[in-house]
Structures are given as C-alpha cells and as structure tokens.
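*Asks:* Given the coordinates of chain A, assemble chain B onto it according to the supplied hints.
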Amino acid sequence: MSIFDYNGGGIVAMKGKNCIAIGADRRLGQQMKTVSTNFKKIFRMQDNILLGLGGLATDIETFSAEMEYKLNLYNLRENRKLKPTAFVSLVSSTLYEHRWGPYFVSPIVVGLQDGTPVISTYDSIGCTTDTENFAVAGTAGELLYGLCETYYREDIPAEELVEIIGQILLAGCDRDALAGWGGVVYLLTTDNLHIRELKTKQT
Amino acid sequence: MDTVFGFVGKDFALVATDCGVAYSIMRFSDTEDKIMAVDDNKLFAMGGEIGDRLNFGEYIQKNIHLYTFRTGIKLNVREAANYTRSELAYAIRNGPYQVNLLIGGFDEEGPSLYWLDYLGTLQKLTRGAHGYGAYFVSGLPDNWFKPDLTLDEGIELVKKCINEVQTRFLMSQKNFVVKIVTKDGIRVI
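From first to last, the protein sequence lines are chains A and B.
Letter by letter, the first sequence follows residues 1 to 203 in the working numbering.
Letter by letter, the second sequence follows residues 204 to 392 in the working numbering.
Extracted from the complex, chain A is given alone in its bound form (with noise of 0.2 Å):
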C-alpha cells in the first residue's frame, strides 16, 4: 500500500461565480482501521485562502502549521497580507524544499483575488497545476472526477456550489473504503467563510 494511502481521505475544490468551495471528508484511519471521524483536513490560511491537504495525516499537520508558520512571517516582514496567487507558488516552493525527503501530502489552495476564484493543485514535490474549474486530492481522488466533470458548468452561484460540492463529496467517499465518515464543506465568498458539515453514510 502506497503511503499516500495510509491514512485516507478525499478533497474536492470547485470555482464557482466569484465564490469558491472546497470540501473533504472526516476520516482518520490506519489502513482498513477507522481511528476518528472527526479529523480536519482543510485550513483557514487567510481570509481567502484556504488550504486542503490530503496523504498522510502526521505530515498533513506539519505541512499545515508550516505553512501558517510562513504565512504569519510574511505578514510581519512585509506588514500586508499575502495574495492567493503568491500563496500558490509559497507552497509550491516550500514543497521543493523538501525535494529528497518530500512531505506525503496532495496539496489543493483556493482562494479569491479580487473576486476573482483561484485553484491550484500540486504533487508531493510542488508541480502547480493551475486547473481553470475544479481539483481533487486523496485517496478518493478519482472517484470525484467523475462527479465533478458531471456536474460542472460556468458560474455556478455560491448557494448551488455548495450543494453540488457536497453531493460529490458524498457520493465520490461513498465508493472510497478509506475516505468518509462525515464531511465538511467551506465556502468562500467576498463576504465570508461559510462552514456546513455534511452527514454522511456511517461506514
């Protein structure tokens, strides 16, 4: 089993008409064991920008706080906040760093500059990949292309967007054995950050 598969998880991140969502799903587990159903998987970097980290869960912490850690530094140094598409090519970076001992995570960065939705998402030594429409990451990370293709289109409004990321991530976990176990779902918009937690199947 490959490491990326140790802990399990899925993350699925969608544009939407100048909003943007992100979910994952709850599971912690150790291979076929199911250790916490309550584990986070997306952070709140900045007011609009949010990081989503699936692979293995102890480097999913570091990276994390790593990242908030590089964030808060910027901030003091330069006295002004950092912009979404700087804070793709900081984690871009910061992951080649590590080239020769990577950190086991699929990063997703979303965020809103200006309005205008950012998404981009990266293997474990840092290559960008800045989709035009919608990421996913984790070990359920196939199963949700399907479903996003499905049901993607232009300018989809915050309050739809956030239904259909929760569809996706419910069904795209449920074929997952590694990933479910509750779901969480964050909307960003210009105004704010908008959590809803999903229900799902409970196994």
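Everything labelled a hint here was simulated from the structure, so no lab data went into it.
Honestly, I wouldn't trust all of these hints.
[What the hints assert, rightly or not] Restraint-style ranges between C-beta atoms, simulated for each label pair: (1) B:Lys386 x A:Glu142: 26 to 34 Å; (2) B:Leu257 x A:Ala171: 20 to 28 Å; (3) A:Ala65 x B:Leu354: 32 to 40 Å; (4) B:Lys377 x A:Lys201: 51 to 59 Å; (5) B:Glu356 x A:Ala65: 31 to 39 Å.
[Stated by the list, open to error] With a Cα cut of at most 25 Å, we get these calculated SDA-like pairs of lysine to any residue: (6) A:Lys70 x A:Gln113; (7) B:Lys327 x A:His194; (8) A:Lys40 x B:Tyr286; (9) A:Lys201 x B:Lys265; (10) B:Lys265 x B:Lys362; (11) B:Lys327 x A:Ile195; (12) B:Lys327 x A:Gln113; (13) A:Lys33 x B:Tyr335; (14) B:Lys277 x B:Asp214; (15) B:Lys277 x B:Glu261.
For each residue, glycine too, the CB sits at the ideal point set by N, CA and C.
*Replies:* Chain B in isolation, oriented as in the chain A frame:
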C-alpha cells in the same frame, strides 16, 4: 505487541495498558507499568518498542517538567499533546521513535484523551486504542460509551475490554494496568 486503550468519561479520563514485555519468542515480564504520569494531571500510556518507549517517555516527561521550571507555567493537556506530536513528527524523518501513545488528562477544559501514533498523527478523541488489541477493543467502547459516563460505568467497560482481549487475542496478556485522571489527580485502579 502492546495493547493500549482509553476513553473519557464525565469527569475523568481513563487509560489502560497490558503489562507484558516480550523479546523474540520469550516473555520477559508480566508486571511492566507502561503508563507514565507527567505533572499531576496527565497520563502518557505508551505502547511499542521498549527502548523507545522508555527513552521517549522520559524525554517528554522531563522536557515538560523543564518547561514548568523555566517558565513557571504548567502545560495543559492539549499543549503537552501538541508538544509530544512535534517531537514525534521531527523524529519520524531523523530517527523514528516506535512509540504509540494515548495521552489522558484533566485540565480546565475538562477530561480529554489524545491519540498519537509513531508518525506524529495527533487526534483528540473520546475513545481510542493502539496495537493489535485495538482491533478487539474498539467495538466495546463504541457500543457502551456515553458522554456522561460515570466512573463505575467506566470501570465496568474497562473490565469488559480486558476480558475481550484476554479471551480472543493470540498472545496471552495476563495483567493490565488501569489509571485514571480526575480533577483530584491520578489514581491507579
């Protein structure tokens, strides 16, 4: 393989471990206490490689005490658990400690239980277990647990869990140590 399990009740946190120490095909001891007390309100129940368990346990315990001596501030359970996680997360890439822990404690936030594995994965739980015994024990707290578990109900649950492991686990685990933390401190059952 060490069995470590624990859960949280209304006003207490309970952890239990087996007492066996094995080396290759031989059983060295039946009376090993694998639960270490840190300050007077935290219990570190550890399972794994014996050298790492002793070394890492003492290292964390002494460092937490050192912090108290240096700053005069006593770490609460969440802080101690996060500190332990950062040590494990650093070590996993430099010289791993093969230790899985359950940290049970009681502080101003009430009773709490933190599950930590040797990779540095930290999770706050109401019930958790490590080791092969975890496969046997996990079902029982899931079934009998209530958020306002009293101490007597907790002890009954522990007895059920110990019974299950002794009946069904391949390796004989004769003795178990059970310790609880309440607002009045640590007690051995």
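*Asks:* All the hints need checking, so say for each whether the structure fits it.
*Replies:* Each hint tested on the structure:
1. B:Lys386 x A:Glu142: 26 to 34 Å: The hinted range 26 to 34 Å is violated for B:Lys386 and A:Glu142, with Cβ atoms some 50 Å apart.
2. B:Leu257 x A:Ala171: 20 to 28 Å: violated (48 Å)
3. A:Ala65 x B:Leu354: 32 to 40 Å: The hinted range 32 to 40 Å holds for A:Ala65 and B:Leu354, with Cβ atoms some 36 Å apart.
4. B:Lys377 x A:Lys201: 51 to 59 Å: violated (41 Å)
5. B:Glu356 x A:Ala65: 31 to 39 Å: About 38 Å separates the Cβ atoms of B:Glu356 and A:Ala65, which means 31 to 39 Å holds.
6. A:Lys70 x A:Gln113: holds (19 Å)
7. B:Lys327 x A:His194: Holds: B:Lys327 and A:His194 sit about 24 Å apart, inside 25 Å.
8. A:Lys40 x B:Tyr286: The hint holds at about 18 Å.
9. A:Lys201 x B:Lys265: violated (44 Å)
10. B:Lys265 x B:Lys362: Not OK: B:Lys265 and B:Lys362 at ~32 Å, beyond 25 Å, violated.
11. B:Lys327 x A:Ile195: holds (21 Å)
12. B:Lys327 x A:Gln113: Answer violated: B:Lys327 to A:Gln113 is near 34 Å, above 25 Å.
13. A:Lys33 x B:Tyr335: holds (11 Å)
14. B:Lys277 x B:Asp214: With Cα atoms ~20 Å apart, B:Lys277 and B:Asp214 stay inside 25 Å; holds.
15. B:Lys277 x B:Glu261: Distance ~17 Å between B:Lys277 and B:Glu261 Cα, so the pair holds.
Of the hints listed earlier, those the structure fails to meet are numbers 1, 2, 4, 9, 10, 12, in rising order.
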